[in-house]
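Colleague: What follows is each chain in one-letter form.
Number of protein chains: 2
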Amino acid sequence: MQKGMLFVVSGPSGTGKGTVCKRVKKELEISISVSMTTRKPRAGEIEGESYYFVTHDEFRNALKRNGFLEYAQVYGNYYGTPKAKVLEKLNAGMDVLLEIDIQGALNVKKAFPDSILIFLLPPSLEELEKRIVARGTETEEAIRLRLGESLRELSYVYQYDYCIINDELQDAVDAVASVIRAEHARVRKGIRELIQSYEKSIKGGFLL
Amino acid sequence: MQKGMLFVVSGPSGTGKGTVCKRVKKELEISISVSMTTRKPRAGEIEGESYYFVTHDEFRNALKRNGFLEYAQVYGNYYGTPKAKVLEKLNAGMDVLLEIDIQGALNVKKAFPDSILIFLLPPSLEELEKRIVARGTETEEAIRLRLGESLRELSYVYQYDYCIINDELQDAVDAVASVIRAEHARVRKGIRELIQSYEKSIKGGFLL
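Heads up: the sequence lines are chains V and X, in that order. Quick note on numbering that gives the first Met the number 0: the first sequence kicks off at 0 and runs consecutively. Quick note on numbering that gives the first Met the number 0: the second sequence kicks off at 0 and runs consecutively.
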């Protein structure tokens with residue numbers, strides 16, 4: 000059975016990763032991995048859907064059991080992708096979409112060189128600032144910290160496979176969906192099986 | 000100005016390249032290059048739209064003037080892609096789609112390493128045979144010749160970037176369109192300009 004493919008959407012804080020991924024899931028057959036975090040829930044976030052919210056102790060225990068595909072510390076909080084569920088879905092032939100930060104994405108690429116990294120960019124830094132401010136959950140200092148970090152993170156785009164600007168949400172969603180569809184058409188080892196099936200039908204003798 | 004991208008759809012005779020490309024053009028902003036050929040028009044083919052139909056002498060003259068991006072001889076007829084129009088469109092920032100045979104596609108890739116090659120496959124060899132027979136323009140011997148050639152050509156799929164099975168027409172069209180959209184999101188040199196524009200806005204001093 001053909002395994003599923005692993006896609007990673009990441010990018011600087013405030014580029015709209017979460018919204019884009021939710022919409023992609025509505026349009027395609029793909030499973031979104033829910034991360035575990037020690038960060039406090041923001042208003043409207045749902046346990047087991049937005050994140051698995053855990054204590055530092057719980058996180059450390061999972062880490063000791065080697066239970067993460069990747070994990071990273073961001074602004075003092077830990078974020079990790081539970082490994083077992085992702086592998087289970089990939090093995091069952093299901094694509095999986097990870098919405099994680101840049102450190103995490105680069106770690107996934109190291110562990111899974113076949114994974115596809117998509118970098119999501121804001122249309123401009125002014126817009127990024129607006130979005131982080133509009134979220135209303137950050138202090139002025141935290142906003143400054145995030146913007147500085149976002150700028151530093153832009154240089155990682157060269158280690159990504161794709162870069163999509165999230166200006167109009169639907170355009171960004173279409174672009175991510177196109178990447179997922181296109182990657183399934185990439186010439187890879189899987190093609191070999193198809194061609195062998197042609198060759199078998201030749202040897203069956205019905206043609207030549 | 001960002002140049003357009005060059006996409007090539009090819010594949011064995013009878014895989015439905017022409018129909019797929021026409022539909023892609025309806026869905027995306029892309030220009031389809033019209034080839035020049037010494038082959039006789041089939042019923043329903045239109046001069047200047049299906050092909051530019053020319054004599055062997057006219058073709059040789061264009062060839063002497065170095066007027067082709069690629070040309071190839073297929074089943075005793077010549078086919079060529081007029082160079083000037085394609086370059087003009089690419090330089091104007093327009094994507095161009097070539098619907099050409101496999102020899103031609105590989106020659107284009109040599110001349111334009113950035114071009115994207117898409118291999119179109121029939122769902123099975125039985126189906127390919129049906130389609131060539133249904134076309135009704137070929138003798139039994141010509142059909143046998145084409146099928147043998149198609150099989151030989153399958154091995155070239157490994158030199159292509161993408162491979163799409165034309166089973167349901169709309170699915171194949173969606174897949175080609177997704178490849179075109181996704182390739183625009185690939186991390187390439189163009190990204191550098193975007194990041195420089197961010198850096199400029201920082202130096203402008205409004206942010207940090």
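Check before you lean on any hint, since a few could be wrong.
No copy labels: a pair is met if it fits in one copy or bridges any two.
[Said to hold, decoys possible] Quick list of in silico lysine to any residue cross-link-like pairs, SDA-like style, CA-CA up to 20 Å:
| # | residue 1 | residue 2 |
| --- | --- | --- |
| 1 | Lys25 | Asp173 |
| 2 | Lys2 | Ile164 |
| 3 | Lys24 | Asp170 |
| 4 | Lys25 | Asp170 |
| 5 | Lys39 | Gly135 |
| 6 | Lys24 | Arg180 |
| 7 | Lys108 | Leu89 |
| 8 | Lys108 | Arg187 |
| 9 | Lys24 | Asp173 |
| 10 | Lys88 | Ala42 |
| 11 | Lys88 | Ala133 |
| 12 | Lys108 | Ala42 |
| 13 | Lys24 | Gln158 |
| 14 | Lys108 | Arg185 |
| 15 | Lys129 | Ile29 |
| 16 | Lys82 | Glu46 |
| 17 | Lys108 | Ser30 |
| 18 | Lys109 | Asn90 |
| 19 | Lys25 | Pro112 |
| 20 | Lys24 | Glu128 |
For the record, the hints were derived by calculation from the structure and aren't laboratory data.
Colleague: All the hints need checking, so say for each whether the structure fits it.
Modeller: Hints, one by one, checked against the model:
Taking CA atoms no more than 20 Å apart as the test, Lys25 paired with Asp173 passes in both settings, with 12 Å inside one copy and 17 Å between copies. For the homomeric pair Lys2 and Ile164, the shortest alpha-carbon distance between copies (19 Å) is at most 20 Å, but the shortest distance inside one copy (29 Å) is not. Taking CA atoms no more than 20 Å apart as the test, Lys24 paired with Asp170 passes in both settings, with 15 Å inside one copy and 19 Å between copies. Taking the shortest alpha-carbon separations for Lys25 and Asp170, both the intra-copy value of 15 Å and the inter-copy value of 18 Å come in at or below 20 Å.
Taking the shortest Cα distances, Lys39 and Gly135 sit within 20 Å of each other inside one copy (15 Å), while across copies they are farther apart (69 Å). In this homomeric assembly, Lys24 and Arg180 come within 20 Å of each other (Cα to Cα) both inside a single copy, at 13 Å, and across copies, at 19 Å. In this homomeric assembly, Lys108 and Leu89 come within 20 Å of each other (Cα to Cα) only inside a single copy, at 15 Å, whereas the closest approach across copies is 34 Å. When the C-alpha separation of Lys108 and Arg187 is checked against a cutoff of 20 Å, the pair qualifies both within a copy, at 18 Å, and between copies, at 18 Å.
In this homomeric assembly, Lys24 and Asp173 come within 20 Å of each other (Cα to Cα) both inside a single copy, at 11 Å, and across copies, at 18 Å. Taking the shortest alpha-carbon separations for Lys88 and Ala42, neither the intra-copy value of 30 Å nor the inter-copy value of 51 Å comes in at or below 20 Å. In this homomeric assembly, Lys88 and Ala133 never come within 20 Å of each other (Cα to Cα): the closest approach is 35 Å inside a single copy and 42 Å across copies. In the homo-oligomer, the alpha carbons of Lys108 and Ala42 never lie at most 20 Å apart, since the shortest distance is 32 Å inside one protomer and 52 Å across protomers.
For the identical chains of this complex, Lys24 and Gln158 are neighbours neither inside a copy (25 Å) nor across copies (32 Å), given an alpha-carbon limit of 20 Å. With identical chains, the CA atoms of Lys108 and Arg185 are at most 20 Å apart both within one copy (18 Å) and between copies (16 Å). In this assembly of identical chains, the alpha carbons of Lys129 and Ile29 never lie at most 20 Å apart, being 31 Å within a copy and 35 Å across copies at closest. In this assembly of identical chains, the alpha carbons of Lys82 and Glu46 lie at most 20 Å apart only when taken from the same copy (18 Å versus 59 Å across copies).
For a Cα distance limit of 20 Å, the shortest separation of Lys108 from Ser30 inside one copy, 18 Å, qualifies, whereas the shortest one across copies, 36 Å, does not. In this homomeric assembly, Lys109 and Asn90 come within 20 Å of each other (Cα to Cα) only inside a single copy, at 19 Å, whereas the closest approach across copies is 38 Å. In the homo-oligomer, the alpha carbons of Lys25 and Pro112 never lie at most 20 Å apart, since the shortest distance is 27 Å inside one protomer and 36 Å across protomers. In this homomeric assembly, Lys24 and Glu128 never come within 20 Å of each other (Cα to Cα): the closest approach is 27 Å inside a single copy and 38 Å across copies.
Hint violations for this structure: numbers 10, 11, 12, 13, 15, 19, 20, all remaining hints satisfied.
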